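Trainee: The primary structure of each chain is shown beneath.
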Amino acid sequence: MHGSGEAEVRALVGVSLDVAAGELVAVMGPSGSGKTTLLALTGGLDAPTAGNVVVEGVHMSELSRRETARLRRTSIGYVFQDYNLIPALTAAENVALPLELDGMRAGKAAKLAVAALAEVGLDGLGGRFPEEMSGGQRQRTAIARALIGRRRLVLADEPTGALDSQTSEAVLRVLRKRCDDGAAGILVTHEPRYAAYADRTIFLRDGRIVDSTGQPTSAVIAGSVESVEYVVPAAEATR
Amino acid sequence: MSIKHGILALLRDRPGYGYQLRAAFEETTGSTWPVNIGQIYTTLGRLERDGLVAKSGEDAEGHVVYEITESGAAELADWFARPITFTDRPRDELAMKLALAVTVPGVDVAALVQRQRSHAQAALQELTRRKLRAEAPHLAWSLVLEAQLFQTEAEIRWLDHVEGQVCRRNG
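Residue numbers (our numbering), protein chains in the order written: chain A, 1 to 239; chain B, 240 to 410.
These are computed hints drawn from the structure, not numbers from a lab. Since this is a predicted model, take the numbers as computed values, not measurements. The C-beta atom is built at its ideal place from N, Cα and C for all residues, glycine as well. Careful: at least some of the hints might be erroneous.
[Unchecked claim] Calculated lysine to aspartate or glutamate pairs in the EDC-like style (CA-CA distance at most 16 Å, straight line):
1. Lys370/B to Glu169/A
2. Lys243/B to Glu287/B
3. Lys177/A to Glu191/A
4. Lys370/B to Glu402/B
5. Lys177/A to Glu287/B
[Stated by the list, open to error] A partial selection of chain B residues facing chain A, derived with a Cβ cut-off under 7 Å:
6. Glu309
7. Ser310
8. Gln353
9. Ser357
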């Protein structure tokens with residue numbers, strides 16, 4: 001264990017979680033219970049001090065920084081509460097960005113981005129800038145970006161946070177459909193109603209899984225996460 | 240909740256006689272569930288027949304005092320351990336159960352709350368699945384399903400609140 005000098009914090013302790021292709025798992029728990037940490041570990045944004053994170057058979061701990069970044073770009077999609085879209089780029093450019101970063105020609109990436117936007121119900125809106133879109137449209141753009149290409153693990157952190165209930169349900173339906181089509185998903189939420197879109201819900205408390213609404217499905221294909229122990233500096237512990 | 244489990248819960252706390260149990264029952268449930276003394280004695284008779292309570296003697300005023308047996312305590316523990324199912328149960332049953340759970344010594348209220356929360360969340364998942372599967376559903380059907388969704392969601396929120404209160408009380 002470590003901290004930034006003074007405090008020692010274990011954000012997750014003894015947590016083991018498998019997510020199968022086609023499965024959406026919701027993570028619930030009070031603030032500070034480790035939900036966001038679990039997501040950050042799964043997405044390779046942080047590394048566990050002990051334990052493993054395995055995504056599509058790849059042990060993240062065995063990857064170089066560069067390889068981790070590449071895996072994040074190609075296999076893992078994020079949806080954040082505040083969308084994290086780049087304001088200077090149009091919706092289609094935002095969605096195409098991960099493909100272009102991965103070396104795809106701009107024209108081909110743009111074509112795929114337009115198709116991805118249509119899939120989330122934003123047909124014809126690819127030329128709009130984020131500020132010209134509603135909250136729900138921005139969030140669906142973020143989902144299109146998270147799911148474009150071969151990425152089959154989608155991680156959503158309070159994706160409905162700032163949205164009204166109707167728009168939230170539309171966003172959840174998109175997420176649900178992508179998982180039904182074969183992606184593996186983890187959804188962090190405070191809302192029981194939105195967690196109910198998942199196949200099962202795990203409850204975190206003080207960094208431990210205290211309960212679950214079901215058993216994991218047996219065939220683990222896409223994403224597998226086993227974070228046994230994870231430590232964050234005290235400053236991050238309240239996230 | 241049956242009067243049976245209410246009486247077992249009260250006797251788990253301390254032995255008592257009929258009128259005493261009736262008063263304690265109404266006090267514990269906040270008078271939301273009035274019972275008559277006849278129901279109390281009929282239930283005590285059945286519980287005694289089933290070996291869940293036993294007469295422990297008479298007090299100074301001649302009241303027949305009952306106490307819980309080992310089988311009764313096991314039945315009560317089993318009841319506390321089981322989630323209340325969502326099939327056709329009265330809404331206030333869970334409130335009564337929690338009111339008794341915080342009254343009876345030795346009940347792990349936090350674990351009880353979490354079990355109930357998991358059960359409710361699983362029910363919410365099933366309701367949501369039904370909602371997503373329905374294509375062009377009839378409005379009446381949707382309204383009934385939404386009612387169940389809201390009720391279940393409300394129960395989960397209420398359980399969060401109960402947990403907070405219990406934590407504050409214990410902390």
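Trainee: None of the hints should be skipped; say for each whether it holds.
Mentor: These are the hints, each one checked on the structure:
no.	hint	result
1	Lys370/B to Glu169/A	holds (11 Å)
2	Lys243/B to Glu287/B	holds (11 Å)
3	Lys177/A to Glu191/A	violated (19 Å)
4	Lys370/B to Glu402/B	violated (29 Å)
5	Lys177/A to Glu287/B	violated (56 Å)
6	Glu309	violated (29 Å)
7	Ser310	violated (29 Å)
8	Gln353	holds (5 Å)
9	Ser357	holds (5 Å)
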